[in-house]
Amino acid sequence: MKKLIEKSGMISALALGLAAADAGATDWNKELKKHDGVKLRIQTIQDPFIDSLKKISPDFEKLTNSSVEIEGFGYDPLHEKQILNCSQRDDQYDVLFIDGIWTGEFVEAGCIDPIEKRVGRTNPEVTEMDDYIESFTGQAYWNGTLQCLPVAGYWHMLHYRKDLFEKANIKVPETFAELKAAAKFFSESPDFPGVDGMAMNFQRGSAAGQQFFEWIYSAGGKPWESNYPGSNAPYKDQTPLFNSPKAVEMVQFFKDMVPYGPPGVEQFAWDERANAFTQGKVAMINNWSVRTPLFTDPKISKVWDKFDVAMFPHAEGEKSVPPVGGWVMCLNAHSKQKKAAWDFMKWFASPEIHKSFVLAGGPPSRHSAMQDRDIIAAQPWVPTLYESSKKAWAESRPRHAMTFEMIDALGLQVNRAIVGDATPQEAMDRANENITKMLTRAGYIDK
Amino acid sequence: MVFDVKIYLGDTMAQISYSLGKLVLPLSKIDLDKRAGFLFIFPAVLYLIFLSVFPFLYSVYLSLYDVKLTRLDKKYFVGLENYLNLLNDPLFLKSILNTAILTVSSMAIEIVLGFVCAKIFLSLREQRVGQVLRSMSILPMMITPICVGLIFSYILNPTLGIANYLLSNVGVEPLSWFGDPSVALLSVILINAWQWTPFMMLLMLAGLVSIPDSLYEAAELEGAKWYHVARWVELPAIKDVILIGIILRVIDNLKLFDLVYVTTRGGPGDATELVTFFAYRQDFRFFQVGYGSAAAVLILLISIIITTIAVRYLRRMQND
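Quick note, the sequences are listed as chains Y and L, same order.
Counting with numbering that gives the first Met the number 0, you get residues 0 to 446 for the letters of the first sequence.
Counting with numbering that gives the first Met the number 0, you get residues 0 to 319 for the letters of the second sequence.
Careful, some of the hints might be misleading.
With a cut-off of at most 16 Å between alpha-carbon atoms, the simulated EDC-like pairs for lysine to aspartate or glutamate come out as follows [what the hints assert, rightly or not]:
id: 1; chain 1: Y; residue 1: Lys436; chain 2: L; residue 2: Asp88
id: 2; chain 1: Y; residue 1: Lys436; chain 2: L; residue 2: Asp65
id: 3; chain 1: Y; residue 1: Lys33; chain 2: Y; residue 2: Glu70
id: 4; chain 1: Y; residue 1: Lys254; chain 2: L; residue 2: Asp179
id: 5; chain 1: Y; residue 1: Lys166; chain 2: Y; residue 2: Asp307
id: 6; chain 1: Y; residue 1: Lys54; chain 2: Y; residue 2: Glu68
Hint data in this document are derived by calculation from the structure and do not stem from the laboratory.
Could you build all of it, start to finish, from the sequences and the hints given here?
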C-alpha cells in the first residue's frame, strides 16, 4: 500500500486535472442557469469530505455567478440544528446534508422537499441515477419516493496494521473468532509493546447503539422481525429482537473484546477509535471508509504507510454484511432558492463532478467512481470498498422518526453490558423492553 | 363614557381621572407614584413574562401532551402520564440519584477545602504572596465549564492524557477516568469541586475576615486549640455565609450540564446521567418535548423545594 499511496499524490493531482478537463463533456452552460448574486448556503457534517466539497464548489460559482457557503457541524449538533431550524421553517440553508438514517424523520417532519420529480425533469445523463450504488441509494428513499441524492456513501472495512500482521505471521481475520484471537495476541504479546488489539465504538449512546446495528447482520442476527438483508418489506413487522440469542451472543463478544482495547475503550466513539489507530496504539479497527484517506496522511497518521483494509468480519458460518451509511444531499423544504439549490445538487452529484469530488478526497458513491482507474490509483482501498458496498444492506440501521431515540436507548444498554453494569442478557432484555415500549407508543408496532 | 386625564407636574400635584357614567375616580399622588413605579418595572416585568413565565407555562402545557418537536401539529393530551412515566423511568430516577450524589459530594469537598484554603489565605492576607496566590486561586471559576470539561478530557484521556502518563511513571496502571463506572462520577465530582472550591473559599474568607480579633484573643486566653477556634468561633461566625454558598451551589449543581456533556455524555452506562442531561436528551436529541418538558418541570419543582427549605433555614438562623 505504501507505494500505491506514494504514487497516489501525483496521480490524484494529475487525475484531478484530467477530471476538470473532462468537465467539458457536459455543457454546463446549457444545464445550469445563471443565478447572479444568489448566495447558496449548505449545511453539512464536519466529516473529512467537507474539504473536498469546499475545494470543488468554486467551479459551480463560476458557472452560475452565484456564491456557495458551506458550514460544517458535529454529528449531534447538526441533527439538533437541522431539526430545530426545520421546526421554525427556517430558510437560511438551501441544501442539507443529512445522515441516511435520518431520512424518515426528516420526511415525516416535512423538512425536505422530495427531489424525485426534479430528477425526472433533469437530463438523465446528468443525474445518472442507475450509477449510484444500490446499498446506499436505498437510504435516499422514504415511502418509495426518492427524497435526496446519495452523494457521500460510507461502508465499513476492517483496517489493520499490515506490518504487525506480517511480523506476527498472522492471517488477516475474517471471522469474529479470528478477530478476537488476533486482538488477544497483539494485546498480550511482549513482542508488540504499546499496541493493543482492537478499538471499537463502546461509548454510551449513538456510538454503541450504532455499533450494534453495524455488527448484528454479520453476526447472523436481525434487529427486528422483518429486517434482514434482502427483505422486501423491512419495516412491516418491527417487533424488536434485541435480546435474541444472536444479539446477546454478539454483545458478549463486544464485552470479550474490551480487554484487548486501549485503556478507556469503554468510552471510545468515532474520533477516539480513529485516533488510536492513527497513533499506532491498536492493531485493528473497524471504520467507516470516509476516514480511510485521513489514515494515509503522514501529517496526522503514524501508520500512513503501514496499514491495509479487509472485508468486515462475520460470525462463524455467517456472511459479511458490511455496515453502510453516509450522507444524502437534500433540498430544504423551506428554502426560497430551490432552483439554484437544485442546480447545485445536480451539478455536484453528476458522475463527472463526483469523480472530481472523490479525487479531492471525497467518498466514492457511484459505480463509475468505484471502477475508475484514476480513483483506484489515488485510493488503493477502493476495490475492497466496492466489494463491501455490494454486500451491504441498505436498511442496516433504522431510518424512521424514532431512530435517534432507539439507537440511544440501545446504546445505553450495550454500554451497560460492556462496562459490567449488567450481564449482556440483562442489558439486552432491558433494551428490548424499552424499545418495545417506545415503538408501541409511537405506533410502529401494535399494542 | 368620558375618559379624562389631567396631569399637573408643577408642585408634584397630579390628577388622573376618568368618568364612566357617574363614576369619577380622582387619583392621588400616591397612585401616580405607584403607576410611575410600575412604569419603571414594566420592562423587567415584560422581560420576565416573555422569557420566564410564558416559557414555564408553555412547558407545563407541553408536559401534559405526547408530542414531538418535529410534529407539533400532532399532539395527544395524556394528562399526567408523562410525570407518571418519569417517576417509573429507571434512568430518570438514576439521574436524580447521581445529581444528589454529585451535589452533596462536590459541596462537601468545596466546603472542607474552601475552609482550609480560606484559613491559609487569612493567615497570608498581609503578605504580597498571599494576595497573588489568592487572585490566582480564583482562576478556575472564571473558565467556562465547557472549557474545563475539554481541558480535563485531554488531561484524563486514558491513552494520550498526561494524568495516566504521570501515574505510569510511578507504577500505577492507567485509569479509565471516564470509562469505568465506579470512577466516572468521582472524576466529574473532582473536576466540579476543582472549579468551584475557590468560590466557597472566597465566601468563607470574607466571613473569616469579619470576625473581630477580640474573639480570637479570648479563645487564646482560654487555651483553645486551632480546632476549638474553628469549631466554636469561626464556623458559627461564618455559618450564614456557608449556607448562602450552599444555596447557590445547590442551584448550580442542579443545572450542571456542560461538564458532563463534554466529558462523559452521561456514561459509562448511566453512571453520570444527571437530570439536566436527561431533560436535554429528551428535548433536543429525541425532540420528545412533552416528556422532556415534564422532566424540566419536575427538576424545577425539586430545585424550588430544596432552595425554599434552605432559605427558610437561613432565615431561622438569622432570627436566632
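- Task: Quickly compare the C-alpha distance for Lys166 (chain Y) and Asp307 (chain Y) to 16 Å and report which way the hint goes.
- Result: holds, 14 Å
- Message: Does Asp179 (chain L) sit within 16 Å of Lys254 (chain Y), going by the straight-line distance between their CA atoms?
- Response: holds, 14 Å
- For the pair supplied as a hint, Lys54 (chain Y) and Glu68 (chain Y), confirm whether the alpha-carbon distance does not exceed 16 Å. Holds. Lys54 (chain Y) to Glu68 (chain Y) sits at ~12 Å (cutoff 16 Å).
- Message: Tell me if the straight-line CA distance from Lys436 (chain Y) to Asp65 (chain L) falls inside 16 Å.
- Response: holds, 14 Å
- Message: Checking one constraint from the list: CA of Lys436 (chain Y) to CA of Asp88 (chain L), max 16 Å. Satisfied?
- Response: holds, 12 Å
- Message: Does Glu70 (chain Y) sit within 16 Å of Lys33 (chain Y), going by the straight-line distance between their CA atoms?
- Response: violated, 23 Å
Comparing the model with each numbered hint stated earlier shows that hint 3 is the single one that does not hold.
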